[in-house]
Amino acid sequence: MTDVAMTNFVRKDLVAERPAPVKTTGFVGFVRTRLLNSPTNILLTILGALLIWFTVVPALRFLLVDAVWHGSDRNACLEQNAGHAVGACWPYISAKFDQLIYGFYPQAERWRVNLTFLLGALLLLPLLIPRLPAKSLNASLFFLAFPVVAFFLLRGGGLSGFGVSWTANLLSGLADSFAGAGDALIRAGASSTAIGPLLWGFGKIFALIGQAVSLVAWPLTSLRDATQASKQPVWADLAVTAAVVSALVFYLWGGLRSGWRPLISSLVTFAGIAIVIALMGLDRGGLPAVDTRLWGGLLVTLVISVVGIVASMPIGIALALGRRSTIPLIRIFSIAFIEFWRGVPLITVLFFATYMLPLFLPGNFTVDGLVRALIGTALFAGAYQAEVVRGGLQAIPRGQGEAASALGLSWWKTTFLIVLPQALRHVIPGLVNSFIALFKDTSLVSIVALFDLLGSMRASFSDPNWATPTTLFTGFAFTGMIYFAFCFGMSRYSLFVENRLNAHRRT
Amino acid sequence: MAENSIVSISHLNKWYGDFHVLRDIDLAVGKGERIVICGPSGSGKSTLIRCINALEEFQEGEIVVDGIDLGPNLRRVDEVRRDVGMVFQSFNLFPHLTVLENCTLAPIWVRNIPQKDAEATAMKYLERVKIPHQASKYPGQMSGGQQQRVAIARALSMNPKVMLFDEPTSALDPEMVKEVLDTMVDLAKDGMTMLVVTHEMGFAREVSNRVVFMDAGQIIESNTPQEFFANPQHARTKLFLSQILR
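Chain order of the listed sequences is C and H. Be aware that the first sequence starts at 6, since it is given in our numbering, and climbs by one per residue. Be aware that the second sequence starts at -16, since it is given in our numbering, and climbs by one per residue.
Since the hints were derived computationally from the structure, they do not count as laboratory data. All of these numbers come straight from a predicted model, not from anything done at the bench. Misleading hints may appear alongside valid ones.
[To be verified] No more than 27 Å apart at the CA atoms, straight line, and that leaves these computed lysine-lysine pairs for DSSO-like:
1. H/Lys144 / C/Lys418
2. C/Lys418 / H/Lys99
3. C/Lys418 / H/Lys107
4. H/Lys120 / C/Lys418
5. H/Lys144 / H/Lys14
6. H/Lys120 / C/Lys140
7. C/Lys140 / H/Lys99
Modelling step: build the complete structure from the supplied sequences, incorporating the hints.
Structure below.
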């Protein structure tokens, strides 16, 4: 006041710095200004304190104070033996821990599960930390190499051939089914009179297509037979496949001019495949097979949720783009697909995939039960993701696409370099929401006789050795904590990613 | 003019549904020519220049850009777009990329230029629009005038033969208009072929070789700027000029 009022003023003593009044900062200040600053807030503070008192305290009491920590069977967790009211019965968890993690996976083979978990963590963690280098190598190892290695580690079994055999088998199978359909139509045409000639004509066409396919496939099938006849069929096949694919890559990427780098990366990839085959002995039958019916516990939960999450993204993006396509057929297909999968409960999907699909498939064609559940959840989650991604696509102004087109970028490049990166950033919360929902929805697979974490837990309730009044609560509290740890981790990481990727929105 | 023209438009007709937006447009743009297109809003100026790089399709007529016929089926649109740069009213920079990445994206992904070379070229053009020191910023951190200059640098980084400007200063504050116009004047002095939709009559008078006046989807009058401003022929032109040059 004085400074302003006086026309000429020169400060003689500088005002020293003082701490702020106690009442406005620190704990006291917080209590005064945030908790007790009005009658309504005082009431709310009291209610909040009561709520904490009545929920957190009993929970801690149950989990820690009254809990029983040691024991070998149910007797330790009974009130008359413990001498006090019994809370959580932790010995029960430690007794059932292996079952919760591995299900009925054979004891001797559990190192394979551990190794898979370890590999997955080792590849995933550096992928999640933005500062670490070699992201594209890391990503391709995690998304392409790891699933294959994990498959052979967890399920076991080996290879009898490689690319040449697979392609040849596929083509000859296709040729056979065309020829078979042609034969059936010709026979049907001979027996019926009205549309007989028509059926006969179609039959002839199908038979011709079958012959054409087998003719085209002839070099491949003969190559397959040659490699299978050799002493090391897998290695021979791998060598031929590597040579053919690398030559193709070299040619397609511009040959002598610019094809060297792709050629080298292709050869390195095949060398990596060879190392995996050699290390795991896939050419000699690989590890002993463990049927997926024996898998269980956290293993199944993680397999289904990781595969579901990873597979649902490309499905969702493809469907979202399809739904906005200007080509009517693609758009209608996408809409129908999304609406169908969103309109059906996941339980129905799983039930259908497990018990009804085999009725429609040809007799000798079976799909593993776990794989059926995987496909079901992936498609189901994909339909949900599609709508989330579409929401992000809607938020991108038309000018972005126009500017990219005006620079000469094709539709694909515009979509994958300009539109999608922005759209996905907008919908990170929605995407992670779906991931978390999917992670917890995996517990529904227990209705199709797969024992995930929760299913294994419930199965262990029936053990009479551990039947105590608090077994049920202990079990659910423990699985709840595991689910929470994973979901909370995903949630926090998504916040971190959001902050990092939205650097451009901070001004 | 027609034999060395870089853009030639003949009998161009376009409809939005039943609405006839462009009517029998004939326009030839010579190499190095600067044409300003003006006219009241809704007269089809923007639609016309958006047809030149096929952001709009048209139903009748012919557009030839640097010898490439952009027929109604738009088959060779990508070839044309590579050689035609465009600057938009609302900048349309890519907000998730830095300024430098905005300028190198198309050279790298469309022209397959190595990243180092693309960055060198981009820096050259960023220097030319006088914002090289902001190359690592995101567009959202810059003023409108700076963003528009980045947009010009982005278009130039593709080494286009023609530059289209769709009301480049209409979304800017008055004091930022000048910095963008100065950049455009520099560009014109270097001999770039330019088609500019604008209401900046000072720019038209100073820089353009020809002013084209459009109304109701047709070209009403086309003349040198001296004649156009001193001696407008058509009644509609006179009315328009009297309204904007007070």
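Going down the list of hints, with the structure as the test:
{"no.": "1", "hint": "H/Lys144 / C/Lys418", "in the structure": "holds, 23 Å"}
{"no.": "2", "hint": "C/Lys418 / H/Lys99", "in the structure": "holds, 20 Å"}
{"no.": "3", "hint": "C/Lys418 / H/Lys107", "in the structure": "holds, 25 Å"}
{"no.": "4", "hint": "H/Lys120 / C/Lys418", "in the structure": "holds, 23 Å"}
{"no.": "5", "hint": "H/Lys144 / H/Lys14", "in the structure": "holds, 9 Å"}
{"no.": "6", "hint": "H/Lys120 / C/Lys140", "in the structure": "holds, 23 Å"}
{"no.": "7", "hint": "C/Lys140 / H/Lys99", "in the structure": "holds, 20 Å"}
The structure meets every hint from the earlier list without exception.
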